[in-house]
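Undergrad: Chains as they are written, first to last, in this note's numbering: chain A, 124 to 313; chain B, 1493 to 1918.
Calculated directly from the structure, the hints in this document are not laboratory data. Any given hint might turn out to be false.
[Unchecked claim] DSS-like cross-link-like pairs, simulated, lysine-lysine; straight-line CA separation at most 25 Å:
(1) B:LYS1736 - B:LYS1721
(2) A:LYS290 - B:LYS1850
(3) B:LYS1724 - B:LYS1886
(4) A:LYS290 - A:LYS208
(5) A:LYS259 - B:LYS1850
(6) A:LYS208 - A:LYS267
(7) A:LYS259 - A:LYS290
(8) B:LYS1850 - A:LYS267
(9) A:LYS192 - A:LYS243
Take a look at the letters that make up each chain.
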Amino acid sequence: MATETDDSTRRDFLMIAAGSFAAVGAAAGLWPLIDQMNPDASTLSLGTTEVDLSPIEEGQAITVVWRGKPVFIRHRTAEEIEAAKAVEMDQLPDPLARNANVSTDALATDVNRTQTGQEKWLVLIGICTHLGCIPKGQRIGDSKGEFDGWFCPCHGSHYDTAGRIRKGPAPRNLDVPTFSFVSDDVLRIG
Amino acid sequence: MAHQSTYQPKPGLDKWLDDRLPVMRMAHDTMLDFPTPRNLNYFWTFGGILTFCLMVQIITGIVLAMHYTPHVDMAFASVERIMRDVNWGWLLRYTHAVGASMFFVAVYIHMFRGMYYGSYKAPREVLWFLGVIILLLMMATAFMGYVLVWGQMSFWAATVITNLFSAVPFVGEPIVTWLWGGFAVDNPTLNRFFALHYLLPFALLGVVGLHIWALHVPGNNNPIGVDVKSKKDTLPFHPYYTLKDGFAIAVFALLFAMLVFYAPNYLNHADNYIEANPLQTPPHIVPEWYFLPFYAILRAVPDKFLGVVAMFGSILILFLLPWFDTSRVKSGTYRPLFKWFFVIFVFVCLGLGYLGAKPAEGGYLTMGRIFTTYYFLHFLVILPIIGLIETPKKLPNSISEAVLDDPPDSGGAQPSGAAASPEKRL
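Given these sequences and hints, build the entire structure.
TA: Written out as structure tokens, the structure is:
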């Protein structure tokens, strides 16, 4: 015959086992309720966009929409490329390239911000890394900020001609999305 | 001081129901015969005013939901349809929009009242907690409601506020994507905000129920902060405070109506009558006025993550207020030093609100930093210290002694002349 102590240990075990079982079940039931808020299949399937670059003259810029976000494509002039290349790394608040096409620890040199052979094309997600506003500098007549790139009017962040943060509260360089050239004139984003 | 029920059910149906579900008894004991300190001033009417605000928001909100379409292509147009085509739609929408502002006016006054009279102190800490939870729910609800309009300010407010979560280390970006249901604020975001904007007010209503329950256990605090000691200190809630609250609600409704009918867009932004455009940020984005102090705190901190921490911290710190305040005297009236620091604190809160509307640069930014620092010092340093060094004024022995010429248990200590003016007891 079991003693009283044995009995209570047995009961404790059963209580804990039953409780754990219910907790695991509840957690498993909770996950679909949480995960349903993540991007759905149709949103994810809008993953790539192709852009014809031929009508964009040197010095011009266009904005296209990719995954609901604006993407800046600027056909940079030779001077703009030179200016971006001349910047020393220690002048940059954010030294990382933030380019989805190179390794995550690559430095933010102009080479690492663009694609070799296609340096004239700068492709950026046009969302300020501070709190998500759209920086100005795409349209003719827009303020391009002190570094001739982009200027975010919300909280005053200045970006240079390689889309790198130079001044203001934004913590990171503008992100470069995954992209590739289908041909010299066709860009695929995503 | 949970009081004994005085409900006497009438024989018949009343008695029958009381034996099965004593709901009439509960209503009688909490809304009619509840013993309430006899010295409550008009600052104590804001509880009733807030209940009124919540009911106005829920009723107008349910009706508006019958005409609103939560879809990015149709939301803005459906709001304009409410304004132009729906019978009385303009009145309902303006009442709902102005109602949100009036709700915050009332809640901030209610909170400052609690802070001045020490209403958060033992045994009312849980009552205060529930109040802070109500504030957080109100803020979430108001923010999501503002997004539903789907104007430019709606869209960019949604973008900036949800981006605050991207400051969380490591999991920031996945959290933001999860909140959006996409890679930017878009239709899934609007749709879920609508569902939550409809849900949260009822959650709020539930917490208000708990708040009132937690109020009725210890009973009301009062302007002298001395607990109720005898029946002589109290009046039945009805008719004394139903009428006082009713009068205050009428005055409040008058101001409310002035805004609705004469300046319905006074507290709105013109940019919100431009449909949301995900590719263009308005040149000057500011939140609604009731978020401005917190926005000023966010911008005062140069680091993105710490700015977000400071902003949320400025609200969450309220949870700890009952322990930061080391003084055992409740009412600010009897605390000569605290009284002045309270005035400075109110000034700093209003100042932060002013600075939140200004561009974050130059002198505005410097002032924002000073005021933000002071805001936190008030809780972390000033309140604990003044509670220890201050000599409070002598407290009255009881509420009735403080407010009646002829206190019931003064034991004949009063001058004989005082009893000769019984008319003052009216």
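Undergrad: Could you run down the list of hints and mark each one as holding or not?
TA: Hints, verified against the model:
1. B:LYS1736 - B:LYS1721: At roughly 23 Å apart (the allowed maximum being 25 Å), B:LYS1721 and B:LYS1736 satisfy the hint.
2. A:LYS290 - B:LYS1850: The hint holds at about 20 Å.
3. B:LYS1724 - B:LYS1886: holds, 21 Å
4. A:LYS290 - A:LYS208: holds, 18 Å
5. A:LYS259 - B:LYS1850: This hinted pair holds, its Cα atoms lying about 21 Å apart.
6. A:LYS208 - A:LYS267: holds, 18 Å
7. A:LYS259 - A:LYS290: holds, 15 Å
8. B:LYS1850 - A:LYS267: Judged against 25 Å, a Cα distance of about 23 Å means the pair holds.
9. A:LYS192 - A:LYS243: Holds - the C-alpha atoms of A:LYS243 and A:LYS192 are around 22 Å apart, at most 25 Å.
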